[in-house]
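With chain A fixed as given, assemble chain B with the ligands onto it according to the hints.
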Amino acid sequence: MASIHLDNVVKRYGAFVGVKEMNLQIADEEFLVLLGPSGCGKTTTMRMIAGLEEPSEGDIRIASEVVNGLDARDRDVAMVFQGYALYPNMSIYENIRFPLRMRGVPKNQQDALIRRAADMVELGDFLDRKPAALSGGQRQRAALARAVVRQPQVFLMDEPLSNLDAKLRASMRVQIKHLQRKLRITTVYVTHDQIEAMTLADRIVVMSRGEIQQVGTPDEIYSDPANTFVAGFIGSPPMNLIEGQVHSGRFIAPGIDIAAPGHMHGNVTLGFRPEDCGIAPDGQAGLTGTVYGIEPTGDSTFLTILAGDKQVEVKAPRDFRAPLDSCASIALDPARLYFFDSATGQRMRSTQ
Amino acid sequence: MRALFPYLLVAPAVTYLLSITLYPGIYAIYQSFFLVRFNEWIPVGTDNYVELFADTEFWGALLNTLIIGGIALAVECLLALVLAYFAYRDPFIRGWRIVFLMPMLFMPSAVAFLWKLAFNDGRVISDLLMRLGLISQNIDFLGSVPLARLTLIVADVWQWTPFLFIIFVAALQGQDQEIEEAARLDGARWPQIFWNISLPMMRPVIAVAVILRGIDITTMFTNVYIMTNGTPGGTTETISYFIYRQGFRTFNFGYASAAAVIMLIITVVSAQLIVKRAFRSGRA
Ligand SMILES: Nc1ncnc2c1ncn2[C@@H]1O[C@H](COP(=O)(O)OP(=O)(O)OP(=O)(O)O)[C@@H](O)[C@H]1O
Ligand SMILES: [Mg+2]
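From first to last, the protein sequence lines stand for chains A and B.
The first sequence runs 1 to 352 under our numbering.
The second sequence runs 353 to 636 under our numbering.
Just chain A, with the same shape it has in the complex (with noise of 0.2 Å):
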């Protein structure tokens, strides 16, 4: 029904680009995740497709209708907005009911669909309160229920959770995918929260300076990276990154000598999970290093390895314990290696 396309979309402040040759389509019903670090263009992106931006060049579509031009009012979108924008005169009922009076929601059905948006971000009790009486994280769940109190054709959300505390990120997380899956509502969602955009994405949307890195479902971006960007983005913590060369066949770099995909040589970065490796028995090591920091977690130990000048992250079993500076070896998944051009960044395939 919406379905979203950018053709070619660019979006210029005076020479300088926020949004460069954006090419993206969003499916009927799909939940679209735009991840990337502040200033990548994720809310200028946002605010192009609700009509608050006009794109420097390229085309918007919604449910395959051009929607240049077309006022903000008349795309029938609702947003949730980075800094909630609630209306400062009007109480948190008031606020969420604006959008369905102003959309013509018969009076006797009002009541109805205010309070069940405000149980759903657990602000039963503060309805009667003007915004300014609200705490932050309270606010952006205000913002957040006049966004979802009426079913319009997309729903756009910039980092609606970004002020709440763990448990009711986790718990808020579950209800936006429940009450999107039901209301069967386009998303498009922005956020710098990983777990966020793993849990929620059918696809997410890599970016970095108003460039799209890469496209894909998380399980995409996560275990197929297109490049050391993306690579070294996605994962808590990202994965290692390391340059070095590749001669016949061997790539090395310090206290790294490890085989390598025949196909290439020169400079090769090389990437790998830190779940992706262990500690080796003693002479299989694929990397030496030693032991720069020991960080328990609970249910692991994330261990930082000196190679060379470079650090390297390891996941290793909970128990696992060494004293500093004690030389370790750890294991390589082969299956698990990541090559990349360290020239442009971009991923090296193998089956190629």
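For the record, the hints were derived by calculation from the structure and aren't laboratory data.
Certain hints may be false.
[What the hints assert, rightly or not] Every beta carbon over 12 Å from chain B, so not counted as near; a handful from chain A, in silico:
1. 28
2. 39
3. 58
4. 82
5. 106
6. 163
7. 173
8. 195
9. 208
10. 216
11. 222
12. 236
13. 297
14. 302
15. 304
16. 344
[Unchecked claim] Partial selection, computed: residues in chain A whose CB lies under 7 Å from chain B:
17. 79
18. 83
19. 89
20. 98
Small disclaimer: the values here were computed from a predicted structure and weren't measured.
Virtual Cβ for every residue (Gly too), placed ideally from N, Cα, C.
Just chain B with the ligands, lined up with the frame of chain A:
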């Protein structure tokens, strides 16, 4: 010495303020209980006030002030609000807003003479309307009560709308743009946004502007003095003009002081009411 220094710094300002407001104020209150005949002050108790309450000219002047000032203030606010709402995003207006203050910078008496020329002596406006074919003969603006009042209203609106405009533009520019954008996404059209969002958020600013302008307008004098002299039949005589007439035409200083004191009380009380109302539900 160190402890005294701050007091020393504010002393000139305080002295100045006290000498031009508090001293004359107390003097006026004191004087309002006397019948003043040149050098001779005869205590009359509250006679001045009693007489004032029975004086139809006084009540007339109060009513005139209310009508002329009220309409002018309402028109100024409305005009300034609408203009500000449509103009505040315009970069040109942001850059050149100081230009809009020009009418306020002109000398009030000069402006009054200009309007006097336009409406009455020079008949510029009649002439323009005639050339446009809207009327067939000169309008005598001082010949009818509504028209005479209209000339004062027009003059005041011309001179003071920009002042309110600037204040409202600043208030709107200070508002969080995202809030208006949220309202647009929620389906509100501009009149709904203006009415439901922007206007309530501007309430305190509007209140302050209305008070400032209101106080100024209740003391409207220059235009009356130069343009109408209270004609026709005292229907454009404002309170200030009434006080001036009692004091400096008939030298009835005690009586004029009593009128001024009553005016002061009315002004303070109404300002207080507006402030209370406007800021009551601003927060919490
Ligand atoms: N009105 C504007 N004028 C000029 N530059 C802008 C404007 N709005 C955004 N930008 C720039 O565009 C880039 C993208 O901004 P955007 O708000 O989309 O970032 P973001 O990905 O949402 O970041 P964050 O995660 O911090 O919210 C930023 O570098 C920002 O400085
Ligand atoms: Mg943002």
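Right, here's what the structure says about each hint:
1. Here residue 28 of chain A stays apart from chain B, with its beta-carbon at least about 20 Å from theirs, past the 12 Å limit.
2. Its beta-carbon lying about 18 Å from the closest one in chain B, residue 39 of chain A satisfies the requirement of being farther than 12 Å from that chain.
3. At roughly 21 Å, the least C-beta separation between residue 58 of chain A and chain B is larger than 12 Å, which holds for a residue marked as non-interface.
4. At roughly 8 Å from the closest C-beta of chain B, the C-beta of residue 82 of chain A falls inside 12 Å, breaking its exclusion from the interface.
5. Every beta carbon of chain B lies more than 12 Å from that of residue 106 of chain A, the smallest distance being close to 15 Å; the non-interface claim holds.
6. Every beta carbon of chain B lies more than 12 Å from that of residue 163 of chain A, the smallest distance being close to 16 Å; the non-interface claim holds.
7. Separation of residue 173 of chain A from chain B is adequate, the least Cβ-Cβ distance of about 23 Å exceeding the 12 Å criterion.
8. The Cβ of residue 195 of chain A sits about 27 Å from the closest Cβ of chain B, beyond the 12 Å cut-off, so the non-interface label holds.
9. The Cβ of residue 208 of chain A lies farther than 12 Å from every Cβ of chain B, with a closest approach of about 25 Å, so its non-interface assignment holds.
10. With a minimum CB-CB distance of about 29 Å to chain B, residue 216 of chain A clears the 12 Å threshold, and the non-interface call stands.
11. With a cut of 12 Å on Cβ distances, residue 222 of chain A stays outside the contact zone with chain B, its closest approach being about 33 Å.
12. Distance check on residue 236 of chain A: its Cβ is at least 31 Å (rounded) from any Cβ of chain B, clearing the 12 Å threshold; non-interface status holds.
13. Taking the minimum C-beta to C-beta distance to chain B, about 38 Å, the non-interface status of residue 297 of chain A holds against the 12 Å cut.
14. Separation of residue 302 of chain A from chain B is adequate, the least Cβ-Cβ distance of about 39 Å exceeding the 12 Å criterion.
15. Distance check for residue 304 of chain A against chain B: the nearest CB is about 42 Å away, which clears 12 Å, and the non-interface claim stands.
16. With a minimum CB-CB distance of about 38 Å to chain B, residue 344 of chain A clears the 12 Å threshold, and the non-interface call stands.
17. With a cut of 7 Å, the hint placing residue 79 of chain A at the interface with chain B holds, because the nearest CB-to-CB distance is about 5 Å.
18. Given the 7 Å rule on beta carbons, the hint for residue 83 of chain A holds: about 5 Å separates it from the nearest Cβ of chain B.
19. Satisfaction of the interface hint for residue 89 of chain A is found here, the shortest Cβ-Cβ separation to chain B being roughly 4 Å, below the 7 Å cut-off.
20. Satisfaction of the interface hint for residue 98 of chain A is found here, the shortest Cβ-Cβ separation to chain B being roughly 5 Å, below the 7 Å cut-off.
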